[in-house]
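Trainee: What follows is the residue order along each chain.
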Amino acid sequence: MFDLLNIAIDSAISSGAKYSDARILVSKSRNIAAKNGEVENFNESEKIGLGIRALVGSSWGFYSTYDLSRESLISSGKKAFEIAKASAVVSGKETPFADVPVVQDEYTTPHEENPFKVSSTEQIDLLVNSTEQMKKLGSSRSSGRLDFWDTEKWFCSSQGHEIFQNIIESGGGISSLSVGDGETQIRSYPQSFGEYRTGGWEVIKSFEFGKHTQRLAEESQRLLVAPQCPEGVMDLILEGSQLALQIHESVGHAIELDRILGWEAAYAGTSHLELDKLNKHRYGSELMNIVADATLPGALATFKYDDEGTPAQRVEIVKEGIWTGVLSGRDSAAIAGVKPGGMVRADGFSRLPMVRMTNVGLLPGESSLEEIIESTDNGIYMETNRSWSIDDLRLNFQFGCEAGWVVKNGKIIDMVKNPTYTGITPEFWGNMDMLANENEWVFWGTPNCGKGQPSQIGHTGHPASPARFKNTRIGVRG
Amino acid sequence: MNIWKEVLGDLQKQIPNSVECELKMMHSKSALTRFANSHIHQNVDEESADVFLTIHKDGKTISRSKNITGIKSSKEFVKEALDSIDESPKDTTWAGLTSKSESYEGFQELHEANPEERANLVRDFVKEGEGMNAAGYCSTYLNNFFIWNTNGLNSSDTSSSAFIDGIFRTDTSAGSSHRGAVNINNLDASQTGKEAAKLAVDSQNPIDIDPGKYEVILGHEAVSTILVFLSVYGLNAKSKIDGMSPILLNENQFDEKINLIDTPEDSESIGFKIDASGAKKYNLEIIKNGVPSTYFHTRRTSKELNMENTHHEFFGVDDYFGGIGTNLNLDKGNVNHSDMISSVKKGIYINEFWYCRVLDPITQVVTGLNRNGSFLIENGKITKPIGRLRFTQSFIKSLSPGNVISVGDKSRYADSEFGEGMLKVPKLHLKEFNFTGGVSG
Chain D
11 MFDLLNIAID SAISSGAKYS DARILVSKSR NIAAKNGEVE NFNESEKIGL GIRALVGSSW
71 GFYSTYDLSR ESLISSGKKA FEIAKASAVV SGKETPFADV PVVQDEYTTP HEENPFKVSS
131 TEQIDLLVNS TEQMKKLGSS RSSGRLDFWD TEKWFCSSQG HEIFQNIIES GGGISSLSVG
191 DGETQIRSYP QSFGEYRTGG WEVIKSFEFG KHTQRLAEES QRLLVAPQCP EGVMDLILEG
251 SQLALQIHES VGHAIELDRI LGWEAAYAGT SHLELDKLNK HRYGSELMNI VADATLPGAL
311 ATFKYDDEGT PAQRVEIVKE GIWTGVLSGR DSAAIAGVKP GGMVRADGFS RLPMVRMTNV
371 GLLPGESSLE EIIESTDNGI YMETNRSWSI DDLRLNFQFG CEAGWVVKNG KIIDMVKNPT
431 YTGITPEFWG NMDMLANENE WVFWGTPNCG KGQPSQIGHT GHPASPARFK NTRIGVRG
Chain F
99 MNIWKEVLGD LQKQIPNSVE CELKMMHSKS ALTRFANSHI HQNVDEESAD VFLTIHKDGK
159 TISRSKNITG IKSSKEFVKE ALDSIDESPK DTTWAGLTSK SESYEGFQEL HEANPEERAN
219 LVRDFVKEGE GMNAAGYCST YLNNFFIWNT NGLNSSDTSS SAFIDGIFRT DTSAGSSHRG
279 AVNINNLDAS QTGKEAAKLA VDSQNPIDID PGKYEVILGH EAVSTILVFL SVYGLNAKSK
339 IDGMSPILLN ENQFDEKINL IDTPEDSESI GFKIDASGAK KYNLEIIKNG VPSTYFHTRR
399 TSKELNMENT HHEFFGVDDY FGGIGTNLNL DKGNVNHSDM ISSVKKGIYI NEFWYCRVLD
459 PITQVVTGLN RNGSFLIENG KITKPIGRLR FTQSFIKSLS PGNVISVGDK SRYADSEFGE
519 GMLKVPKLHL KEFNFTGGVS G
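Chains as they are written, first to last, in the working numbering: chain D, 11 to 488; chain F, 99 to 539.
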């Protein structure tokens with residue numbers, strides 16, 4: 011494969027590109043969905059192809075094809091160059107490109123059981139049985155899904171990189187939906203849309219769906235008759251998976267250097283962060299320590315090299331509440347004057363690599379969830395995301411959760427439905443006053459992060475434990 | 099015969115007579131020229147050819163997809179599926195294959211646009227906002243779809259589309275606009291740029307206003323977002339089956355000024371004239387004078403609900419997502435923009451919504467924000483630009499009887515939360531819209 015890649019790269023360079031790199035991917039996926047004890051979807055797919063990019067002046071040119079013939083590879087390199095060159099009609103300053111070590115290496119995701127070698131019958135049965143149990147327990151619509159990805163990726167650059175990686179990802183989840191009089195309520199496990207990690211079938215086995223079906227079915231029905239979440243300003247305690255999404259939306263996207271530089275302005279938006287405030291801006295309370303770590307074993311965004319050949323690394327993003335780092339690639343880092351962070355990835359061979367969150371997580375604190383609840387006089391504990399919305403500067407957000415519990419005088423006293431909360435990013439994080447410890451720190455994964463044009467879906471990780479936020483506006487309704 | 103039919107022909111030969119089988123191929127050439135900070139920074143071009151195989155045998159169904167490089171041999175690809183079908187569970191909602199009589203021959207040899215054409219449109223857009231920061235894209239698509247099944251169906255179609263979309267930013271504001279067409283030559287990038295530039299200039303130094311219930315005039319993109327949510331979450335028959343649809347057929351659920359038609363047969367409509375099952379699509383009334391008359395159906399949903407199939411099966415994913423309307427046309431009214439504004443005593447103009455998410459599917463309460471051009475209207479005039487507002491509003495109620503004051507007299511393709519090229523809409527003047535938060539939360 012490296013020989014094939016170098017044919018395309020040589021073609022781009024001989025055409026006039028300043029730099030070129032290319033990837034060949036063999037991407038396999040298996041997707042299974044079940045509903046009410048029956049399989050709703052079972053599909054396996056495989057795609058093989060090449061993506062090559064060329065840097066000319068101020069623009070990247072990128073071409074992708076399924077055709078790996080020698081003639082096509084030469085043509086692809088030329089096209090990448092020509093596409094970039096056409097950008098000169100509306101050109102800017104020449105794009106700089108930071109150096110990284112040139113390596114020849116390979117990596118495979120550590121895993122116990124390759125999910126593609128496990129019988130699909132076993133995987134289907136797991137979902138069918140789980141959803142059948144919830145249906146029998148009164149769920150109006152029980153559903154479950156499993157997704158597996160096996161990606162073999164060969165990467166070469168005009169600087170001499172030759173890297174092979176085999177990334178294996180597994181995930182899924184189950185949920186119970188109950189339909190009442192003009193409303194629906196849902197409970198999901200391990201989190202809404204499922205939980206995803208790097209690893210094999212053992213990831214799914216660790217979830218133990220069977221131990222959670224009864225709770226999900228009962229809670230989704232109980233929510234139908236539960237009172238509405240109260241409105242007001244009070245303490246908010248977030249369960250880990252909801253906090254993970256809070257990190258994703260209000261920190262992870264805001265620290266993407268391509269957004270800060272305006273490259274995503276028309277679609278995903280920009281950021282409230284400005285580079286001259288790096289190492290000065292207060293992002294949150296002193297309990298807030300965020301790192302982007304692509305080396306965490308088992309987390310969803312763990313790899314050895316990104317799609318520019320930069321080594322995976324641990325980068326400090328927020329230290330004791332002060333903003334200290336960004337998510338960067340070789341071009342954006344060179345512009346901003348920071349070290350390339352190894353955070354550029356593409357959604358398959360047919361997409362241009364772009365800045366992507368790695369495992370952007372909140373380091374654990376010292377409390378337990380029990381202690382957080384015991385020390386809360388008046389608040390709501392919220393679990394599992396149901397809706398999320400944030401502005402294009404990543405400041406003004408509103409989240410809804412599946413279930414809430416009223417906390418009074420240190421005790422959970424009542425389940426409430428339709429819990430929502432809203433806030434402004436630095437104020438919200440500034441109000442974090444208690445954070446659960448490493449016993450409750452989970453490597454949550456988000457498999458559906460949309461960004462870029464053409465649209466790309468990214469897989470990101472967000473280690474988090476539960477936390478408390480003072481004086482939060484809760485219970486916003488339409 | 100083109101090369102793609104030859105590929106499908108090779109695969110067909112491997113299908114035994116004892117099974118029901120559907121073979122589909124999507125061949126696409128797509129390109130997108132992206133600009134930011136007023137220059138082109140990313141320029142991409144892609145060619146793909148994906149094959150989708152579905153086999154149904156003894157009550158069981160199996161689906162496999164590969165791109166053509168992934169298919170080592172036709173025989174092996176089909177054999178892998180046949181060998182695995184026994185592991186599949188019973189498929190109780192199988193609704194059969196499209197009949198031979200539905201065959202449609204729409205394939206055309208069309209030429210793709212080149213990067214220079216896209217760059218020229220970007221240049222035309224950018225120059226309309228001299229001194230401002232421009233960002234956006236110009237994209238072109240050329241798709242060929244082929245489908246064969248063991249009922250003898252042979253359908254094909256070709257679709258092309260092109261879009262220009264962008265914003266201008268100042269230090270305190272932004273303005274956006276969007277256009278879509280079947281052919282890149284029909285895009286007016288200068289006009290699109292003019293509109294975006296004017297909104298950006300007029301939006302500078304916005305004031306904050308208190309949240310609350312306001313009369314609103316919604317621009318094309320904002321209207322498009324409301325309708326695409328109703329389409330995907332409400333009119334989709336799968337939502338009805340799952341108990342999640344808010345749509346009530348044959349009831350006066352919406353204002354009588356709301357008339358929604360699906361228009362795949364129109365020459366200006368973007369997309370295929372057939373659905374993913376290979377059946378010809380027809381123009382169809384969805385909501386007439388505020389009364390919904392049908393859901394969007396696939397083979398499976400029409401069987402399960404015992405309703406007529408409207409042929410809205412989505413491409414590439416079987417019918418897991420149910421039926422999606424992709425040529426929606428909200429009927430124009432007769433009120434122009436100026437008259438809409440002059441009829442408002444106190445209200446808000448919103449160009450575009452952003453990051454909308456459903457809080458509850460049945461009530462279609464959605465939260466989201468405004469962006470790229472919002473203004474306070476007082477005594478019939480736009481008086482001040484306004485900043486960020488968060489709404490939490492039922493999209494069903496927003497179009498309910500009595501809440502639609504007027505419908506704009508101009509319609510165009512508008513971008514939406516679920517993509518472009520699916521909706522042609524005018525502006526809407528609504529009596530009440532609920533804003534629950536402002537700049538300070």
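One or more hints might be untrue.
[Stated by the list, open to error] Partial chain D-side listing against chain F, Cβ under 7 Å, derived:
| # | residue |
| --- | --- |
| 1 | 46 |
| 2 | 47 |
| 3 | 54 |
| 4 | 128 |
| 5 | 193 |
| 6 | 194 |
[Claimed, not checked] Within a straight-line C-alpha distance of at most 25 Å, the following computed SDA-like cross-link-like pairs (lysine to any residue) qualify:
| # | chain 1 | residue 1 | chain 2 | residue 2 |
| --- | --- | --- | --- | --- |
| 7 | D | 127 | F | 166 |
| 8 | D | 88 | F | 167 |
| 9 | D | 88 | F | 126 |
| 10 | D | 103 | F | 167 |
| 11 | D | 145 | F | 127 |
| 12 | F | 127 | D | 463 |
| 13 | F | 155 | F | 184 |
| 14 | D | 38 | F | 183 |
FYI, nobody ran anything at the bench for these hints, they're computed from the structure. Here the structure is a predicted model, which is why all the values come from computation and not from measurement. C-beta: ideal position from N, C-alpha, C; glycine also.
Trainee: If a hint holds in the structure, say so; if it doesn't, say that too.
Mentor: Status of each hint after checking the structure:
| no. | hint | in the structure |
| --- | --- | --- |
| 1 | 46 | violated (10 Å) |
| 2 | 47 | violated (10 Å) |
| 3 | 54 | holds (5 Å) |
| 4 | 128 | violated (12 Å) |
| 5 | 193 | holds (6 Å) |
| 6 | 194 | holds (6 Å) |
| 7 | 127/D x 166/F | holds (23 Å) |
| 8 | 88/D x 167/F | holds (21 Å) |
| 9 | 88/D x 126/F | holds (20 Å) |
| 10 | 103/D x 167/F | violated (38 Å) |
| 11 | 145/D x 127/F | violated (44 Å) |
| 12 | 127/F x 463/D | holds (15 Å) |
| 13 | 155/F x 184/F | holds (9 Å) |
| 14 | 38/D x 183/F | holds (19 Å) |
The earlier numbered hints that this structure contradicts are 1, 2, 4, 10, 11.
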